[in-house]
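Asker: Numbering (my numbering), first residue to last: 8 to 902.
Treat the hints with caution; some may be incorrect.
Pairs of lysine-lysine residues, derived as DSS-like cross-links and limited to a Cα-Cα distance of at most 27 Å, are as follows [claimed, not checked]:
no.	residue 1	residue 2
1	K390	K40
2	K186	K212
3	K645	K627
4	K610	K681
5	K762	K887
6	K752	K778
7	K598	K638
8	K638	K681
9	K345	K376
10	K197	K211
11	K28	K39
12	K752	K692
13	K124	K107
Label pairs and their in silico Cβ distance ranges [unchecked claim]:
no.	residue 1	residue 2	range
14	V220	A353	33 to 39 Å
15	V401	E894	44 to 50 Å
16	R374	E469	44 to 50 Å
17	V122	D311	26 to 32 Å
18	G170	E19	50 to 56 Å
19	V247	E388	50 to 56 Å
20	S660	E747	16 to 22 Å
21	L319	V220	46 to 52 Å
22	D790	S660	50 to 56 Å
23	V122	E503	33 to 39 Å
24	E747	F870	38 to 44 Å
25	I766	F24	39 to 45 Å
Calculated directly from the structure, the hints in this document are not laboratory data.
C-beta: ideal position from N, C-alpha, C; glycine also.
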Amino acid sequence: MQTRYNPADTEEKWYKFWEEKGFFNARKNPAKKPFSIVIPPPNVTGILHMGHALNNTIQDVLIRFKRMRGYESLWMPGTDHAGIATQNVVERQLAKEGLKKEDIGREKFLERLWVWKEEYGSTIINQLKKLGVSCDWQRLRFTLDERYSLAVKQAFIRLFNKGLIYKGNYIINWCPRCKTALADEEAPYKEIDGWLYYIRYPLKKTPGSKSSVPDYITVATTRPETMLGDTALAVNPEDVRYKFLKDCQVILPLVGRVLKVIEDELVEPEFGTGVVKVTPAHDKNDFLIAKKHNLEFINIMNEDATINEQGLEFKGLDRFGAREAILKRLEEEGLLEKKEPYRISAGHCYRCNTMIEPRLSAQWFVRMKPLAKQAIRAVEEGKIEFYPGRWKKVYLNWMENIQDWCISRQIWWGHRMPVYYCRECRERHKVSESDYNAGIIVSEHQPSKCGVCGSSDIYQEEDVLDTWFSSWLWPFATFGWPFESQTPDSEIEKKEEFEYFYPTDVLVTASEILFFWVARMIMAGLEFVGEIPFKRVLIHGTVRDIRGKKMSKSLGNVIDPLEIINELGADSLRFSLMLQAGSGQDIYLSKEKFLVGRNFANKIWNASRYILERVKGKEKEYPAELNLEGKILTLADKWILYEYNRLVESCTSFLEELRIYDYTQAVYEFFWHKFCDWYLEISKKESGEIKGFLLVFILDKCLRLLHPLMPFITEDIWQRLNIKKETPTLMKASWPETLELTIDKREIKNFLSLKELVISLRAFKKDLGIKERVSFLVEPRNDSLSKILEENLQWVSFLSRIEVCREGSYPEVVSTATIDYDIFVDKSLVKDLELHQKRIEAKIKELAEFMQREEVKLSNSSFLQQASREVVEKTKQRLKEVSKEVERLKRIKWL
RNA sequence: GGGCGAAUAGCUCAGUUGGUUAGAGCGUUGCGCUUACAUCGCAAAGGUCGCAGGUUCGAAUCCUGCUUCGCCCACCA
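Taking the hints into account, I'd like the entire structure generated from these sequences.
Answerer: Shown next as structure tokens:
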């Protein structure tokens with residue numbers, strides 16, 4: 008074994024071994040309890056970033072832990088077709104050839120998309136493998152797989168038949184670059200700097216009205232270009248300032264249209280001038296008002312957000328160009344009163360960041376309220392739990408205010424909607440804006456003729472479904488649902504497999520997709536299979552750079568996990584992430600932070616190297632389990648076994664409670680600072696008949712406990728151990744159980760006091776400026792301690808780098824003390840007493856202050872009466888001990 | 001506008017029903033090649049737990065208010 012751990016030597020080798028031997032695969036196994044997780048399917052266009060690394064490491068830790076604990080542990084992998092994102096990639100490819108997708112047509116374009124998918128679609132999967140994830144790759148799914156597509160169609164049909172899907176003309180978020188509708192969740196608001204423009208709309212007095220009217224009325228707007236589509240002005244009904252508007256006509260500048268004047272509570276009299284221009288086809292609010300007041304809808308834009316023929320002279324300009332042109336014209340006509348700087352919040356496409364254009368168009372929607380109902384109940388009743396629990400509120404808050412979901416997309420890459428139209432029926436009905444259901448046939452396959460009129464002139468809906476409309480079925484569609492309508496392609500798509508593994512146990516995700524995905528999966532699970540999709544939801548933080556900025560390519564602040572894997576190893580990456588992933592907090596990363604993992608891996612490597620060399624050739628094969636009968640254990644042996652037991656217990660319960668950080672911390676602390684720093688060091692001076700076995704035993708168990716975190720290095724070392732192994736791989740080895748130990752607590756205390764003695768000696772020596780290995784006189788406070796010191800003298804001397812004397816005659820001594828031992832050294836050897844004196848004085852002061860506080864407490868009758876007896880006893884005991892300590896420290900000062 | 005969260009050592013964070021002298025990692029300072037490991041070991045410095053009240057015998061922990069920061073939601077022209 009080399010003196011340094013080299014991950015490159017091990018990682019690929021072991022991953023291949025695991026995968027080829029089928030260790031990742033999970034199948035229905037009645038002898039075992041199931042444990043399952045479905046992966047949040049990465050976009051097929053994705054490349055591994057730190058967020059994936061974090062998310063998947065957490066899942067792998069849980070999956071590996073449960074597998075070792077004896078569960079049939081399934082991790083279902085797959086990728087998401089990511090409609091817009093993937094289409095964009097191939098569109099860019101086409102653009103390089105000077106082509107648009109329309110040039111080659113839908114069919115050819117989709118062909119190219121599949122070619123792309125076949126070539127690059129497994130990139131992210133291969134990268135995940137480098138991370139060490141133990142997914143059941145035989146089950147790899149893709150949301151556009153044939154079988155999966157069937158599930159999507161079925162889901163659509165079922166909802167449609169229940170009346171939960173409808174088509175309608177509404178204002179939706181339109182991305183003029185992607186040329187598609189987007190769901191509200193896909194169009195997050197961002198604040199940008201803009202202006203609030205004050206525009207004068209000329210007034211004309213109507214014949215017969217008495218009041219005097221001004222020449223114009225001023226309207227404030229942030230989007231002057233939409234005025235081309237204005238059909239009314241609105242004021243608040245309570246606003247007395249504008250009552251006169253009833254008596255006049257408002258003329259829309261530049262266009263000349265006469266506008267209605269309406270009153271609506273939605274108008275805020277304090278904002279701007281208190282008069283709102285109403286553009287029903289280009290603003291969500293205006294749309295609602297227009298519906299209420301029966302206004303005319305005028306669409307002034309094309310799908311690429313250029314002005315259409317409704318825009319008169321501005322036709323052909325894009326929306327921002329039109330704004331400039333209109334402002335210029337208004338200014339020329341003296342109708343632009345002023346402008347004020349104003350922060351506008353506007354939706355932006357989550358795929359390409361283009362500013363959203365609210366657009367009136369015919370789209371498909373899912374009625375969410377009925378679906379949300381049971382999904383709310385499931386969480387309220389605790390059937391699904393969030394970790395950390397605070398997300399429950401966020402979830403409920405969103406669900407209770409849920410809006411209908413726009414699921415149609417005007418793109419080509421995706422599940423084309425299972426909707427067909429009968430041309431005859433539609434023409435006969437002269438389909439109007441309000442009657443979208445005429446001539447609609449919803450069906451899995453294209454019907455040969457119309458069920459109503461018998462016509463065979465039937466065509467399919469052009470739109471595809473929102474990608475999330477397929478992802479929300481993920482926890483059951485991946486198993487091959489629906490089972491009724493098809494025969495399984497293979498044994499892993501059998502209904503029994505689904506029934507065994509579903510509901511899944513934990514869903515691990517970042518908070519960003521709580522609404523996009525998690526909430527919707529809960530609704531889908533309950534709606535389509537009548538059962539929650541997962542029992543627990545673990546929400547981890549977002550990965551950020553060291554200054555707290557989200558990592559993104561455009562900011563240039565990404566830390567590439569693959570680079571970390573190449574430089575430091577996957578285990579280092581995994582461990583470092585888990586150690587920082589706190590309790591769902593965002594994590595702030597810099598490259599240096601990954602050194603913790605590398606250093607720890609190296610520590611494991613070297614500790615193992617030491618042990619393996621030490622026991623080399625001693626035994627042919629060590630037994631797997633500990634039999635201590637008739638064996639003599641040293642104090643250190645007992646202590647490490649005692650600590651080991653505590654470790655096993657806490658690791659197990661931490662992992663069961665999804666407290667991965669605590670688990671990581673615990674196993675790190677034990678291995679490095681207890682096992683290596685103390686037990687291994689002591690073992691250098693302590694032999695004993697079973698020392699070798701104990702070292703191997705603890706190492707074996709630590710490798711098991713560490714395996715979920717650091718699968719590669721642990722497997723590599725474990726394979727070198729000469730113990731009796733129950734499986735060919737550590738992956739499938741059993742998770743450690745606590746030992747039945749009969750260890751007297753006093754012995755642990757005695758060990759700890761020796762440990763404290765060593766620490767005091769080291770500090771004492773340093774304080775006094777003694778570098779050489781000189782003799783110290785150590786006097787135990789009682790006889791039994793005296794015996795203990797005698798027995799452990801060797802390692803105490805060794806670890807404290809002094810000669811421990813039990814008898815000595817010092818003419819002049821300096822002394823210090825621990826609770827149980829007094830320590831003396833010949834004054835002539837002391838080089839620097841001052842530092843030591845100062846520290847002792849400081850310590851005395853600190854303890855005296857503490858004592859005072861405790862004394863006050865104990866003289867307080869309410870404390871004595873009301874605090875539990877246990878607490879009072881403890882306080883008294885503590886005070887006694889501290890006062891003893893102070894006495895001793897004071898004595899030292901006089902020497 | 002509504003909701004959620006955070007504020008603890010120079011930095012990043014633990015601190016689970018209120019009860020040892022508030023912890024760790026990194027960083028800093030000093031010492032050290034001792035039978036694995038300098039990607040190491042040892043020792044040390046460093047904190048009125050954001051502010052102000054309140055509850056309590058006792059508050060980093062519970063309550064109220066305030067300040068600062070972050071996130072999410074919303075039909076803020």
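Asker: Give a verdict on every hint.
Answerer: Structure-based check of all given hints:
1. With a CA separation close to 19 Å, the supplied pair K390 and K40 stays within the 27 Å bound.
2. A C-alpha spacing of about 43 Å is found between K186 and K212, which places the hinted pair above 27 Å, so the restraint is violated.
3. For the hint pairing K645 with K627, the CA-to-CA distance comes to about 25 Å; that is within 27 Å, so the pair holds.
4. Only pairs whose Cα atoms come within 27 Å are accepted, and K610 paired with K681 is accepted, the gap being roughly 13 Å.
5. Between K762 and K887 the CA atoms are separated by roughly 22 Å; this keeps the pair inside 27 Å, and the hint holds.
6. Restraint check for K752 and K778: not satisfied, since their Cα atoms lie roughly 36 Å apart, outside the 27 Å limit.
7. Of the supplied pair hints, the one linking K598 and K638 is violated, its CA atoms being roughly 48 Å apart against a limit of 27 Å.
8. For a cut-off of 27 Å, the pair hint linking K638 to K681 stands: about 23 Å separates their Cα positions.
9. Simply put, K345 and K376 have alpha-carbon atoms about 44 Å apart, too far for the 27 Å limit, and the pair is violated.
10. Only pairs whose Cα atoms come within 27 Å are accepted, and K197 paired with K211 is rejected, the gap being roughly 39 Å.
11. The straight-line distance between the Cα atoms of K28 and K39 is roughly 20 Å, inside the 27 Å bound, and the hint therefore holds.
12. About 24 Å separates the Cα atoms of K752 and K692, which keeps this hinted pair within 27 Å; it holds.
13. Taken as a hint, the K124 and K107 pair is honoured in the structure, with Cα atoms around 19 Å apart against an allowance of 27 Å.
14. The hinted window of 33 to 39 Å between V220 and A353 holds, with their beta carbons roughly 35 Å apart.
15. Under the hint 44 to 50 Å, the C-beta atoms of V401 and E894, about 57 Å apart, miss the expected range.
16. The hint said 44 to 50 Å for the Cβ distance between R374 and E469, and at roughly 23 Å that hint is violated.
17. Hint check: V122 to D311, Cβ distance near 27 Å, so the stated range 26 to 32 Å holds.
18. About 54 Å separates the C-beta atoms of G170 and E19, a value consistent with the hinted range of 50 to 56 Å.
19. Remark: the range hint 50 to 56 Å for V247 to E388 is upheld by a beta-carbon distance near 52 Å.
20. Checked against the hint of 16 to 22 Å, the pair S660 and E747 passes, with Cβ atoms roughly 18 Å apart.
21. For the pair L319 and V220, the beta carbons lie near 27 Å from each other, so the given range of 46 to 52 Å is not met.
22. Between D790 and S660 the beta carbon distance is about 40 Å. The supplied range of 50 to 56 Å is therefore violated.
23. Take V122 and E503: their Cβ atoms lie about 36 Å apart, and the range 33 to 39 Å holds.
24. Between E747 and F870 the CB atoms are about 41 Å apart, so this pair conforms to the stated range of 38 to 44 Å.
25. At roughly 44 Å, the beta-carbon separation of I766 and F24 lies within the given 39 to 45 Å, and the hint holds.
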